[in-house]
Amino acid sequence: MSTIIQHDENPKLMKGNEALAEASFRAGLKAYFGYPITPQSEILEYLTEQAPNHKDVIVLQAESEVASINMVYGAAGAGVRTMTTSSSPGISLMQEGISYIAAAELPCLIVNVQRGGPGLGTIQPSQGDYFQATKGGGHGDYHLIVLAPSSVQEMADFVFDGFRLAEEYRMPAMILSDGALGQMMEKVYLPKSGSLPKQEVEWATTGKPASRERNYITSLHMDPEKMELVNLHLQDKYRKLKQEVRCELINTNDADIILVAFGLTARICNKAMEAARAKGINVGVIRPITLYPFPYEIIASFADPMRMFLTVEMNAGQMVEDVRLAVNGKSSVYFKGRMGGMIPTPEEILLEIEALTEKQRTMSQSAGYL
Amino acid sequence: MSTTMNGTMEIVYEKPKTLTDNPTHYCPGCGHGVIHRVLMEVINEMGIAEQTVGVAPVGCSVFAYNYMNIDMQEAAHGRASAVATGVRRVLPDKFVFSYQGDGDLAAIGTGETIHTINRGENILMVFVNNGIYGMTGGQMAPTSLCGMITSTTPYGRDEHFIGHPLKITEMIAQLPGAYYVARHSVHTPAAVRKLKKAFKASFESQKEKKGTCFIEVVSNCPSGWKMNPLEANEWMEKNMFPYFPPGDIKLPATMK
Chain C
1 MSTIIQHDEN PKLMKGNEAL AEASFRAGLK AYFGYPITPQ SEILEYLTEQ
51 APNHKDVIVL QAESEVASIN MVYGAAGAGV RTMTTSSSPG ISLMQEGISY
101 IAAAELPCLI VNVQRGGPGL GTIQPSQGDY FQATKGGGHG DYHLIVLAPS
151 SVQEMADFVF DGFRLAEEYR MPAMILSDGA LGQMMEKVYL PKSGSLPKQE
201 VEWATTGKPA SRERNYITSL HMDPEKMELV NLHLQDKYRK LKQEVRCELI
251 NTNDADIILV AFGLTARICN KAMEAARAKG INVGVIRPIT LYPFPYEIIA
301 SFADPMRMFL TVEMNAGQMV EDVRLAVNGK SSVYFKGRMG GMIPTPEEIL
351 LEIEALTEKQ RTMSQSAGYL
Chain B
1 MSTTMNGTME IVYEKPKTLT DNPTHYCPGC GHGVIHRVLM EVINEMGIAE
51 QTVGVAPVGC SVFAYNYMNI DMQEAAHGRA SAVATGVRRV LPDKFVFSYQ
101 GDGDLAAIGT GETIHTINRG ENILMVFVNN GIYGMTGGQM APTSLCGMIT
151 STTPYGRDEH FIGHPLKITE MIAQLPGAYY VARHSVHTPA AVRKLKKAFK
201 ASFESQKEKK GTCFIEVVSN CPSGWKMNPL EANEWMEKNM FPYFPPGDIK
251 LPATMK
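Taken in order, these protein sequences are the chains called C and B.
Counting in our numbering, the first sequence runs from 1 upward without gaps.
Counting in our numbering, the second sequence runs from 1 upward without gaps.
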């Protein structure tokens, strides 16, 4: 299943943050609540600037990220298409609210334009929030739908995918971007307005007519037996969500080494792959687009004792754990990471590839394959 | 009770249909049940039940949505006014109220409280102040009185160590966004009638989008205070009222 998006005929040159903001209007956003933080403030700025052209959309600067996410809870509970955006420290502040939203089964879109951490960290791009985004982030057993764009085009398009998935599955969706994707300018064909249908929201709190029972939005279930049933229901939903897995495969079929990377890092890996192929090394790239649900089966299908995996991330090694789970020991999985706002270069990835090629050659010789 | 011509009993007083049949979990003598009822009576009598969305807090009234037979949302601790902001902004022609206790509204949710009112959100904020965390077992609240013994101030609240009880109602009354601010109670029939009038005036002003209405209800906590209900109400009058005096704190000209 995928979102049907029609695009403008003519491209625009836009920052990732601005493309995402414009796309959110076009996706039928009805309420935005946010708080300034670098490197995502352009989203709030763009939305407030354009708000007079969208009289039916609420754009409100909240007093904190804590307030933002709870305003999102209220608006989502009232049945409207709603979004908040922030960057890593702000997303940490939202975790309690996100847990409540997931538990109360409210659809909404959360955008994390990641920056380097931990702590106040840096405003430079990072992928250090992978665990937080994909494993839940707040308290309790829950997940978000996590989409990882790797271009300004996808910053725009994934707003549509995010809202569609959030509303179909009644759960929060997150676009996990980074400071580079947010700040860089690229050609983008903006999605056209009006193509995203709204789901029925018969559960929403809009005022109880005499004809139905009251609706209430809650995450409180004091009876542990009921609480477990709620959890089983959520887990069932996450299993169904697996049909939404998306992944990009490049030159994987003949690859001796497969690079696994998401978002910005995947683009750099593509460069490294091209350089390696020019040197006669068969390298492919797997780019998970949905980080949750994670493409375990797709990655597993390439697992082979003769093939090596190199996961490249802008963190200390987070997604690599999922890649290891996917291949389940059938392939060796290596990791190359830069942290704290540093972006790996194609050259340093190529060096890793060459070192792995050498390792592969020696292993093959010792195993008598050559 | 009078009897009609055909021998059936005439109904002179009944439960409003805006209350569910669920028995409440509140302790005997607790003010919450009365406050729920007064609020729901007003909504019923004004005929706005179909246009009203309420937001419940975390605290003793966390289950308010089990008793109020209208559309409700249950918010995270302290965040009811932010949630109510989200609701009211996307449903600008509906009636929205939040219902919070002292810990929720005046400790963990102080930021949301101030900024919601500063924006003049067109909601009614109901603030039940009984000077204690009832739900978690009687710990010190931001409004616990000086010297008050709670499970976390076993030797009495020492204001030099932990600060004075917070008069948040007087504080927020200073904000331009606050339209109508009053303090009431529910320990006597006369007090109940005054509170009812205040709730009604608040919903009336919501129609005109005048700003935030904030009604504090000074209430009791017989279990947390370790008193019987009568003693609790007497203690409240004697000790809470001098520090939190009932009455109008900010009255718009139209209500004078």
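The hints are simulated quantities; they were obtained by calculation from the structure and are not laboratory data.
The structure displayed is predicted, hence computed values, not measured ones.
Don't take every hint at face value.
Keeping only pairs whose Cα atoms sit at most 20 Å apart, straight-line, the calculated PhoX-like set for lysine-lysine is [claimed, not checked]:
1) LYS210/B / LYS197/B
2) LYS197/B / LYS30/C
3) LYS17/B / LYS210/B
4) LYS167/B / LYS94/B
5) LYS17/B / LYS55/C
6) LYS200/B / LYS17/B
7) LYS55/C / LYS200/B
Now the in silico label distances, taken between C-beta atoms and shown as ranges [what the hints assert, rightly or not]:
8) LYS256/B / TYR238/C: 36 to 46 Å
9) HIS139/C / GLY111/B: 16 to 26 Å
10) TYR155/B / LYS198/C: 54 to 64 Å
11) HIS233/C / ASN239/B: 22 to 32 Å
12) PRO176/B / TRP203/C: 29 to 39 Å
13) THR254/B / ASN10/C: 47 to 57 Å
14) LYS17/B / MET222/C: 25 to 35 Å
15) ARG193/B / HIS139/C: 40 to 50 Å
16) TYR155/B / HIS221/C: 47 to 57 Å
17) THR152/B / GLU45/C: 37 to 47 Å
18) ASN10/C / ALA253/B: 37 to 47 Å
19) TYR243/B / SER193/C: 25 to 35 Å
We put the beta carbon where it would ideally sit given N, CA and C, even for glycine.
Hint check:
1. LYS210/B / LYS197/B: holds, 17 Å
2. LYS197/B / LYS30/C: violated, 35 Å
3. LYS17/B / LYS210/B: violated, 28 Å
4. LYS167/B / LYS94/B: This hinted pair is violated, its Cα atoms lying about 30 Å apart.
5. LYS17/B / LYS55/C: violated, 37 Å
6. LYS200/B / LYS17/B: holds, 17 Å
7. LYS55/C / LYS200/B: violated, 31 Å
8. LYS256/B / TYR238/C: 36 to 46 Å: This hint is violated: roughly 57 Å between Cβ atoms.
9. HIS139/C / GLY111/B: 16 to 26 Å: holds, 21 Å
10. TYR155/B / LYS198/C: 54 to 64 Å: holds, 58 Å
11. HIS233/C / ASN239/B: 22 to 32 Å: Roughly 48 Å apart at Cβ, these two residues miss the hinted range, so it is violated.
12. PRO176/B / TRP203/C: 29 to 39 Å: Taking Cβ atoms as reference, PRO176/B and TRP203/C lie about 37 Å apart, which means the hint holds.
13. THR254/B / ASN10/C: 47 to 57 Å: holds, 55 Å
14. LYS17/B / MET222/C: 25 to 35 Å: The hinted range 25 to 35 Å holds for LYS17/B and MET222/C, with Cβ atoms some 26 Å apart.
15. ARG193/B / HIS139/C: 40 to 50 Å: holds, 44 Å
16. TYR155/B / HIS221/C: 47 to 57 Å: violated, 38 Å
17. THR152/B / GLU45/C: 37 to 47 Å: Check passed, 44 Å falls within 37 to 47 Å.
18. ASN10/C / ALA253/B: 37 to 47 Å: violated, 56 Å
19. TYR243/B / SER193/C: 25 to 35 Å: violated, 56 Å
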